[in-house]
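Chemist: Sequence:
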Amino acid sequence: SGLDWKVSPLELAYGVHGIVRRVSKENDPYSDVKQRCNDAVLRMYPAMRKMVDESSTPLLTAVRLAIAGNIIDLGMGTNFDIKKTVVSTLKKDFRIDDFSKFVRTLKNSTNITYLADNAGEIVFDKLLLETILKEYDIEKILFAVKGAPFINDATLEDAIDAGLGKLPGIKFIGVGIGNGSEIKYSSEKFADILATSDIVISKGQGNYEAFSSYRDIFFLLIAKCPVIARDIGVNVGDIILKYSSKK
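Numbered per my numbering, the sequence shown finishes at 269, counting up by one with no gaps.
It cannot be assumed that every hint is accurate.
Below, a list of computed lysine to aspartate or glutamate pairs in the DMTMM-like style, where the Cα atoms sit at most 20 Å apart [stated by the list, open to error]: (1) 72 with 152; (2) 193 with 159; (3) 123 with 157; (4) 193 with 214; (5) 105 with 115; (6) 123 with 48; (7) 162 with 220; (8) 246 with 152; (9) 129 with 220; (10) 129 with 159; (11) 193 with 220; (12) 113 with 76; (13) 72 with 61; (14) 156 with 179; (15) 211 with 183; (16) 188 with 238; (17) 113 with 260; (18) 193 with 183; (19) 162 with 214; (20) 123 with 183; (21) 129 with 103; (22) 114 with 103; (23) 105 with 76; (24) 106 with 214; (25) 246 with 260; (26) 246 with 115; (27) 114 with 214.
Derived CB-CB ranges, DEER-like [to be verified]: (28) 182 with 162: 28 to 38 Å; (29) 75 with 45: 46 to 56 Å; (30) 110 with 248: 11 to 21 Å; (31) 162 with 208: 40 to 50 Å; (32) 255 with 47: 37 to 47 Å; (33) 205 with 161: 20 to 30 Å.
FYI, nobody ran anything at the bench for these hints, they're computed from the structure. Beta carbons are placed, not taken as given, at the ideal position from N, Cα and C, and that holds for glycine.
Starting from the given sequences, assemble the full structure and let the hints guide the process.
Modeler: Given below as structure tokens:
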């Protein structure tokens, strides 16, 4: 009777992981794994940067790479190959392709709210944001990370380690279930942040679960779970750039 059935699956999982941290007395059980993921993708970064710079469609290439980075998800297991996914994602067609709407929205935007997903993946996100900053008149970026460790999801420490703090106009916020100074996912404050952003970019399945009913969000992800794939109307393994207005 004490359960709040209004919370999202992401918030429920976040709460369970918080209990695990308290019981195990390990504040960040995946710290080493996250560091290795960041380091691995940072080693790939120069080649990916060159790939984007030499592309005839730099933004599209950066978007594809950002989606490829979504394969780094320990919540779905450890059986993933980053380099193989990069190669396949650059060749694969979008199952849902709202890229033209994405471009039109960026042209009319001066600020971005970016909902990050995993460590390692955020290096791909940095490349996408660098490309956007180069092509569009963006003045402010609000980069949302987890306010406390949760599996391999990116925290502020991971984002700084990945070099995101060097981007001009960037500010970080911690989100979660409302512990300490973090902003609660389901709070009016966070809803207001999303509603007042010129463009919201959301990475990964967890953020899709939490925010698929919100207004004007661009979801960038690989469908890795049958339940999520079915909800979106795609197959497992499909790459998605989906624009979602409020339902």
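Chemist: Hint check: residue 188 vs residue 238, CA-CA at most 20 Å. Holds or violated?
Modeler: violated, 27 Å
Chemist: Going straight from one Cα to the other, do residue 105 and residue 76 come out at no more than 20 Å?
Modeler: holds, 19 Å
Chemist: Are the Cα atoms of residue 114 and residue 103 separated by 20 Å or less?
Modeler: holds, 16 Å
Chemist: Starting from residue 193, check that the Cα of residue 159 is at most 20 Å away, please.
Modeler: holds, 17 Å
Chemist: For the pair supplied as a hint, residue 106 and residue 214, confirm whether the alpha-carbon distance does not exceed 20 Å.
Modeler: Measuring from Cα to Cα gives roughly 39 Å; hence the hint is violated.
Chemist: Within a Cα-Cα threshold of 20 Å, do residue 123 and residue 157 meet the stated pairing?
Modeler: Answer holds: residue 123 to residue 157 is near 16 Å, not above 20 Å.
Chemist: CA of residue 156 to CA of residue 179, is that 20 Å or under?
Modeler: violated, 25 Å
Chemist: Is 20 to 30 Å respected by the C-beta to C-beta distance linking residue 205 and residue 161?
Modeler: holds, 22 Å
Chemist: Does the Cβ pair residue 182, residue 162 satisfy 28 to 38 Å?
Modeler: With Cβ atoms ~18 Å apart, the hint is violated.
Chemist: Checking one constraint from the list: CA of residue 129 to CA of residue 220, max 20 Å. Satisfied?
Modeler: holds, 10 Å
Chemist: Does residue 183 sit within 20 Å of residue 193, going by the straight-line distance between their CA atoms?
Modeler: holds, 15 Å
Chemist: Residue 193 and residue 214: Cα distance at most 20 Å?
Modeler: Roughly 17 Å between the alpha carbons, so the hint for residue 193 and residue 214 holds.
The structure is inconsistent with the numbered hints 6, 8, 14, 15, 16, 20, 21, 24, 27, 28 and 31, although it conforms to all the rest.
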